[in-house]
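Please work from the sequences and hints to get the whole structure.
2 protein chains.
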Amino acid sequence: MTKTTTMKDIDEVLGLSTSTVSRALSDSHEINIETKKRVLAYAESVNFQQNPMAVSLKKGKSNSIGLIVCDVANYFFSQVIDGVDSIAYDNGYHLIITQSHDIYQREIENVNHLAKRHIDGLLVAVASSTFNYDHFSQLHDKGIPMVFFDRDNPLGDIPSMTIQTYQSSFTATEYLIKKGAKKVAFLGHAEHLSTTQERRKAYLDALEKYGLNADASLMKYFNYGNSTSKDLEGLITNLFSADNKPDAVFIASDRLSNACLLFLKKFQENNNIMLSGFNNSDMAELFSPSFSFIRQPAFELGQSATKKLINLIAQKTKFDEDNLQDLVSTFHPYK
Amino acid sequence: MTKTTTMKDIDEVLGLSTSTVSRALSDSHEINIETKKRVLAYAESVNFQQNPMAVSLKKGKSNSIGLIVCDVANYFFSQVIDGVDSIAYDNGYHLIITQSHDIYQREIENVNHLAKRHIDGLLVAVASSTFNYDHFSQLHDKGIPMVFFDRDNPLGDIPSMTIQTYQSSFTATEYLIKKGAKKVAFLGHAEHLSTTQERRKAYLDALEKYGLNADASLMKYFNYGNSTSKDLEGLITNLFSADNKPDAVFIASDRLSNACLLFLKKFQENNNIMLSGFNNSDMAELFSPSFSFIRQPAFELGQSATKKLINLIAQKTKFDEDNLQDLVSTFHPYK
DNA sequence: GTGAAAGCGCTAACAA
DNA sequence: TTGTTAGCGCTTTCAC
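Protein chains in written order, with numbering that gives the first Met the number 0: chain A, 0 to 334; chain B, 0 to 334.
It is worth saying that the hints were derived from the structure and are not from the lab. Treat the hints with caution; some may be incorrect.
The list makes no distinction among identical chains, and a pair is therefore deemed to hold if it is satisfied within one copy or across any two copies.
Derived lysine-lysine pairs resembling DSS-like cross-links, with alpha carbons at most 25 Å apart [what the hints assert, rightly or not]:
1) Lys115 with Lys7
2) Lys2 with Lys57
3) Lys36 with Lys115
4) Lys60 with Lys115
5) Lys2 with Lys141
As structure tokens, then:
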């Protein structure tokens, strides 16, 4: 159990002042090159580690980025986290990850918790049950830069980073129709979400292109935030046992795809219902019943959102905004 | 952009000293109950947030726990992270997560990075390519408590938190034999790992129970750490195209299960090879070809390891050690 | 029960 | 180029 070395220890040994040591370590220019070398060499030899708390306190920044996701144990978000971390790490930031479980109240708690930790910036996938954005704008007004990702946000002065899903959604619906589906249902996350709306638009456009009528009774929405898995099971049962039963479903959400597939596997083993929809699992092509899926560039989403945030923190274009790639989801027909 | 409130601001308004404010906020007993109420009320009214960096600096602890996993975007580890976070959060710790990608060099970088951040404790799933534990013992000697999880470690003074997988591995192998398999192959992660050895023992015992001979050419090991996916594909191709082809495989690792299933799906659609093995995906029961799987209590593993670590940090039995549940994996035959 | 003062480890004016 | 000094926001002796 050895005491940790501080700059004070170094200057004592080397006969310098702490500020000189500090200059050497921070690669300042107002210092003799030889002195710098001497300090660096000694610091290295004793395996000196700066105390990040002291630096943070002094500089007034915590070098941490807050990240609010719905669930860590969700493949889409795991990949986002991976992407966020890859950029954050390289820029000296560490992550404080919290989970909202898609619940408004939890999201507020998350924001408060992160505010306490004095994060330098915030990355958030808004909960589907969030309609009031006050907790965000309050933090933003305090000068904490933030970037929303995955879903759009109504706050004009805060950027959103999203993935284009119109085209793949259109293709996925079209695929079902070309395979012979006459009654394609739509299963989506909360109706008000920008993602749901974009994907529904694509679904409706595809129906129209092939002269199929949209049928409101075949369009279902499920809001995870304030619902139980029983509710979800009820919704799906309802969809598949109605008189007006669909022969195919386009599923506009990762988790709904999972739920729907598990349901069909369990209760409707030998059905002929065709499915296509969103899923980011690496294993999606193994799913049975067969499932054509849309994969989103989640890792890249995390990266782009983080670059944008770090730009905002630095108040300058550190990452070239023009180089931020357009993020597009891709369709993978079942083979 | 409002300035953040500090204790100084509070004592000025209330006509108290900073130390009194500090006492009120830290719920000290050597303070007048009325004074405390007054401070608390005012602090609340101005939404005062303690500066965690200042507290950390003063107290000499960072309130952070380092976590080294192989990959964030791996379902087993996502669930572990979820479990770790649930306990850490409740105890005022935040997580600094790093990924080793199962590579020894990355693990060393991770440890150095976490040491720089002055973590209060470390949780680690050792990389499969790690044979030298010096980077860990060096940190441990500096007084940083640590707990290994998932895999055992050879350092006598550092605890490991693992999951019992013997029984489920035995059952999974037995299942294949009962279904008629005569030549059951074994596919495992690096041979030296404690997990691999435990599972192989179960596999061999099951073979023996049913009078089947172990065949070294049917036992393959794959070390992720320093290999490419090409290597893996080669290994699997080799296994399934040998003269002495197996009619079933027991797969002793999550990721190998995925790889093997994807391979069979891609190249051997209509084979009759039976598979059982480890997989923590919620979707495992959807996999085709059919797959009987073993699921590990990953969330609980994260929780237990974190409780143990926090005990070590506190140097006292904060969580009752006797209450730490035995962690056992479970077998789920394909239905 | 409360205040004054020192100091955690570092950075950044300001002097020299 | 280097040293001196003050102070980031907080906790904690030590007086009173």
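Q: Give me the numbers of the hints this structure contradicts, sorted from smallest to largest.
A: Every hint satisfied by this model.
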